[in-house]
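Chains as they are written, first to last, in UniProt numbering: chain A, 1 to 237; chain B, 1 to 237; chain C, 1 to 237; chain D, 1 to 237; chain E, 1 to 237; chain F, 1 to 237.
Any given hint could turn out to be false.
Copies of the same chain are indistinguishable here, so a pair counts whether it falls within one copy or spans any two.
List of simulated lysine to aspartate or glutamate pairs, DMTMM-like, C-alpha gap at most 20 Å [what the hints assert, rightly or not]: (1) 46 to 34; (2) 143 to 77; (3) 146 to 103; (4) 22 to 180; (5) 22 to 34; (6) 143 to 103; (7) 143 to 89; (8) 146 to 89.
Source of the hints: derived by calculation from the structure; they are not laboratory data.
Quantities reported herein were computed from a predicted structural model and do not represent experimental measurements.
Protein chains: 6
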Amino acid sequence: MRPSGRSLNQLRPVSIETGITKHAEGSCLIRMGDTHVLCTATIEDKAPPFLKNTGLGWVTAEYGMLPRATNSRTRREAAAGKQSGRTQEIQRLIGRALRAGVDRSALGERQIVVDCDVIQADGGTRCAAITGGWVALRLAVNKLLKAGTVVSDPIIDHVAAVSCGIYAGQPVLDLDYAEDSSAGTDGNFVLTGARRLIEVQMSAEGATFSRSEMLTLLDLAEAGVADLITAQKAAVG
Amino acid sequence: MRPSGRSLNQLRPVSIETGITKHAEGSCLIRMGDTHVLCTATIEDKAPPFLKNTGLGWVTAEYGMLPRATNSRTRREAAAGKQSGRTQEIQRLIGRALRAGVDRSALGERQIVVDCDVIQADGGTRCAAITGGWVALRLAVNKLLKAGTVVSDPIIDHVAAVSCGIYAGQPVLDLDYAEDSSAGTDGNFVLTGARRLIEVQMSAEGATFSRSEMLTLLDLAEAGVADLITAQKAAVG
Amino acid sequence: MRPSGRSLNQLRPVSIETGITKHAEGSCLIRMGDTHVLCTATIEDKAPPFLKNTGLGWVTAEYGMLPRATNSRTRREAAAGKQSGRTQEIQRLIGRALRAGVDRSALGERQIVVDCDVIQADGGTRCAAITGGWVALRLAVNKLLKAGTVVSDPIIDHVAAVSCGIYAGQPVLDLDYAEDSSAGTDGNFVLTGARRLIEVQMSAEGATFSRSEMLTLLDLAEAGVADLITAQKAAVG
Amino acid sequence: MRPSGRSLNQLRPVSIETGITKHAEGSCLIRMGDTHVLCTATIEDKAPPFLKNTGLGWVTAEYGMLPRATNSRTRREAAAGKQSGRTQEIQRLIGRALRAGVDRSALGERQIVVDCDVIQADGGTRCAAITGGWVALRLAVNKLLKAGTVVSDPIIDHVAAVSCGIYAGQPVLDLDYAEDSSAGTDGNFVLTGARRLIEVQMSAEGATFSRSEMLTLLDLAEAGVADLITAQKAAVG
Amino acid sequence: MRPSGRSLNQLRPVSIETGITKHAEGSCLIRMGDTHVLCTATIEDKAPPFLKNTGLGWVTAEYGMLPRATNSRTRREAAAGKQSGRTQEIQRLIGRALRAGVDRSALGERQIVVDCDVIQADGGTRCAAITGGWVALRLAVNKLLKAGTVVSDPIIDHVAAVSCGIYAGQPVLDLDYAEDSSAGTDGNFVLTGARRLIEVQMSAEGATFSRSEMLTLLDLAEAGVADLITAQKAAVG
Amino acid sequence: MRPSGRSLNQLRPVSIETGITKHAEGSCLIRMGDTHVLCTATIEDKAPPFLKNTGLGWVTAEYGMLPRATNSRTRREAAAGKQSGRTQEIQRLIGRALRAGVDRSALGERQIVVDCDVIQADGGTRCAAITGGWVALRLAVNKLLKAGTVVSDPIIDHVAAVSCGIYAGQPVLDLDYAEDSSAGTDGNFVLTGARRLIEVQMSAEGATFSRSEMLTLLDLAEAGVADLITAQKAAVG
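Pulled out of the complex, with its shape left as it was, chain A reads as follows (with noise of 0.2 Å):
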């Protein structure tokens, strides 16, 4: 019934590639099927300004596409001299829930700034960039813990997200580029490795949806992001 052949509930195949770039305190490569992002985590020693003095440190993102992540060339927001609506709602997105699993004060007055570039586009771009941003942030962290310039890991739990969505009728977890141009409701489930919500965005484009709709995706969602938290815990070792 779907597309790609896969069942109601099932994740396309996941992969987390960790030490993909040498400069950075932390990086992977993620790819969910053929949506592949690489995410780098970058340690400043200072927070922004409005955190001077508060003790409390910050975690932030950026989110970006290469021109031909997409199926037609897409224009280069540096030519173009803004970012999109879209990829500044998406960078706050991946910023805040990163924001939710860390413990600001155990980081203390740094900040750390996640990249997530979408190498290839398929759909669920910014639930790979926050679980394979997560993998980038645990392995900075483990920096700065290593060289004891931060002595409490401020990393609170493991933070994965997924797409799920209404195709065809039916229920399905972890929409691809085919299913979600199609989906009249689709959300985005940002969920702790202790199974709590930190986000949750939901929303139908010509169309409408009922709270027990919501609950069995909010299912799929839980299930999925579990087995998304088993890849970070194989990434990061």
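Assemble chains B, C, D, E and F onto chain A, guided by the hints.
Below, chains B, C, D, E and F without anything else, positioned relative to chain A:
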């Protein structure tokens, strides 16, 4: 318990004054407590280029805040040279929400632009913008129907929105600024007159939430939106 | 003779409603006929850098128009990414005009920003912005005086403005949009309570004018401004 | 009394050198004392879109300053990424002034762009730009007439401009930078060959002025412009 | 002697992996040591406007760097709102270089856009981009030939590039970052398969060089490019 | 054979007029035939931030073109809101070239900004800008030496530039626009008074060139630069 003295499930006083500007095809000033948003709807004869020859129309929204709508002055986005990520995120939400209540085929190849400008902010501006924006949209569409330009009513149902959150450990309806700025979890719920969901955005900053908290907030939202729709009905006569 | 039926030297109905927003140190909504401008004054503790250690303060202004303040929708400047030349010209004029009524030494090293946002436009928005902006400024300065932050009143005199022009061959006071768009010659006159001139801007588009026409318009303006100052006095009590 | 030793009603030495660039349809370098402005006029075959099928032409102007035209280096607007409010205000004035001397119907549906670039600034650059801009415009129109592209001369009259102000308590003509920067009141006057007024811009910064001072400055301006028009006539031969 | 232990005329290990993204008409990941560049070629049905009705096609390039491709994080150009001068210079070079190897008449009125995005930088990114960009271009053109859209091969010859410089007094081939940042003189050489020169850019910063040094570097470059072309041949099979 | 009737190795008439603006520390107008560039040098007391506490100074350049310096009007970059890639490439070249002739340690922690603005263009503007820019720089440094601000002359040698190319199959010196626009291969050569090379930029568009052609052009350039340096010497006395 609440700073305003409201009970947990109590909306702020709502008023919707229509016909607020002489130029717009539809307009209203919506007040939810101290949050005041001016909404206008503009009918444009052409749909956006990507809809050419599809027979479908479009509804889009833009959002802004006067510099001193806030407690301390916010820099004017026109002077800054760009709209913030927050502004873009909000206006994309308003547009999506309103489109979900419109039969774009009945609207035909034209566009309605809903401008929502916050005159005074005290939390919940995006929800007020959606609720007031629908009234402006309804009034503009009434003009199209009266003139015979459009023959079948493209408005399928009411669309209204309200925020809910966990404040001081309690689920509360319709957060004002004092509540919003200290709530760890909050959400925006967009619903139709038929109690169908259009958009759910729940988000935790420095916290997480459970499925049952989510459902409690949804309960509050459903009741709140019902009252807002009553106010919409009174406004559009 | 005039589209509105007014006599040649008749102002439109003027109203100035103060305390329009709870956040601003001073605010009013000025209505000159169908031209409605929301004016707020914000006190900032620091003067601009070029005044550092001079003991002098600054008054500046920003001007904007809601997209549907006009008959057809105007593109939002924040979305366009820059303020138009017209906007910049107007806000520079408002700032200059208001500064001429202020003893910047008595104000001390602080800045007052006057925001003038046109809610509905029907000609003469820059003059309404100056007249209303002065009221917002006066109210904000009253707060400084009351708090003892400033001891000697920095407001030297009233500042108000009105437009005049040659319409259908006749000199007329306070042009509305219908008149303004067909007048070959028009001007904006900014005066003080003592009838001193602050700014005279007369301009012909596709026409020229004589010295005696200039003086006739100035006569009209002096009388009009006197009435506006009466309205200012009533508003600030 | 004046820093330059000039008498109160004395212009700076004026020279207008034509044919300064080989590419432009009309060009001149105007020198008013140490203020040097290069003016070029470019004929474009099309009028702006808003004039389509009206039979009317357009004259517009752009203004710029080389970075080191001023005493200390000014940041290049191209590097800053936008034209300042001052630049936009000036170029709008130049365009309006020149259009007032043109029969746009005789010009036909084409546009003439007058570029005024300040090579060296010493006060009064906008007035020099108008006076020199008219010469460039006249020369470009001569080409159109000679080629028979335009049959009836669209130039109605000369247009020239000069500044006047109250310096050290005295009304003076043609302020240089030393005078301009300390004058409380100054104005720019644009007149035709027939002594008709096109634009009067009088402005006080930290001061006010009376009707009689305004008229004294106008007297000075009328005489000054007459001399400038004599220089224009000599230049265009 | 060289930080990497390479001999003076030794390239870094080169690998070119094709088919790296499923969407692009041609793509490869080129690695020259630790410099990794992802190159994609996009076929567009239309040539740029200035080629309309000439029968000629166009090849252009865009260049970017992921923020953490560098040792310390570089600000994202999309967030900065513009491409740096360096970026623009490089992408113009890549485009010119690739066009020199193309018969634009055989290509016909279409455009191929080559995107070169640096995943990891260690010196020589522009040369790697040219060498890898040619492979992406070749693969995309192969698709046009196979589909019969283009009948005569528009690719005239291979195009590849390498840098050379004077490091620690010695002429060396293919500078890595450690060498590049301390070399007083360096150059980029673009050549064809037939050893013809397309572009020579030699530049001294805080130094100068002689004609004979220039020729020595050219000798190194010729040999290096020959090896790169061997790698291209292997890659495109 | 050449459109101008010059012999293959003949420069256009060169003139360098100094002291062209009263404000700049150094200035000249260089004319190479119909290419006229105004060069000014501005001394700034501070070096750029990246040189703080290094004891080193900096020389940088900016380049611009008046809109009607070209045959058809070019859009003003300040109005377009950004500098083109071409402009940025050229100004980076000028800065690099001039720095190569300066002992930055002798200059001390200050910056000299060289502005090169093309008044009239007829090919070879970047070379004229380098040759004239050096004269402006020399004159500004003379002021520093005369004032005793700098004690040891930071100017190491002359720096001048000329273009050469293959036109109609022949190697020619100092291309004008007619030649430049049809030459398949051309180059810019920057040399010192001691005939050392600073920058060689050779480029083919729709063509390739051989090593021997490169050397022939270099021969032409060496002779041409020698003549330009003679002109520089005459200009700076």
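The hints, checked one at a time:
1. 46 to 34: neither (36 Å within a copy, 29 Å between copies)
2. 143 to 77: neither (32 Å within a copy, 28 Å between copies)
3. 146 to 103: within (18 Å within a copy, 45 Å between copies)
4. 22 to 180: Classified as between; 18 Å across copies, 34 Å inside a copy.
5. 22 to 34: Only across copies: residue 22 and residue 34 sit 8 Å apart there, 24 Å inside one copy, limit 20 Å.
6. 143 to 103: Cα proximity of residue 143 and residue 103: one copy only (16 Å, versus 42 Å across).
7. 143 to 89: neither (30 Å within a copy, 34 Å between copies)
8. 146 to 89: neither (34 Å within a copy, 38 Å between copies)
When each numbered hint is compared with the structure, violations occur for hints 1, 2, 7 and 8.
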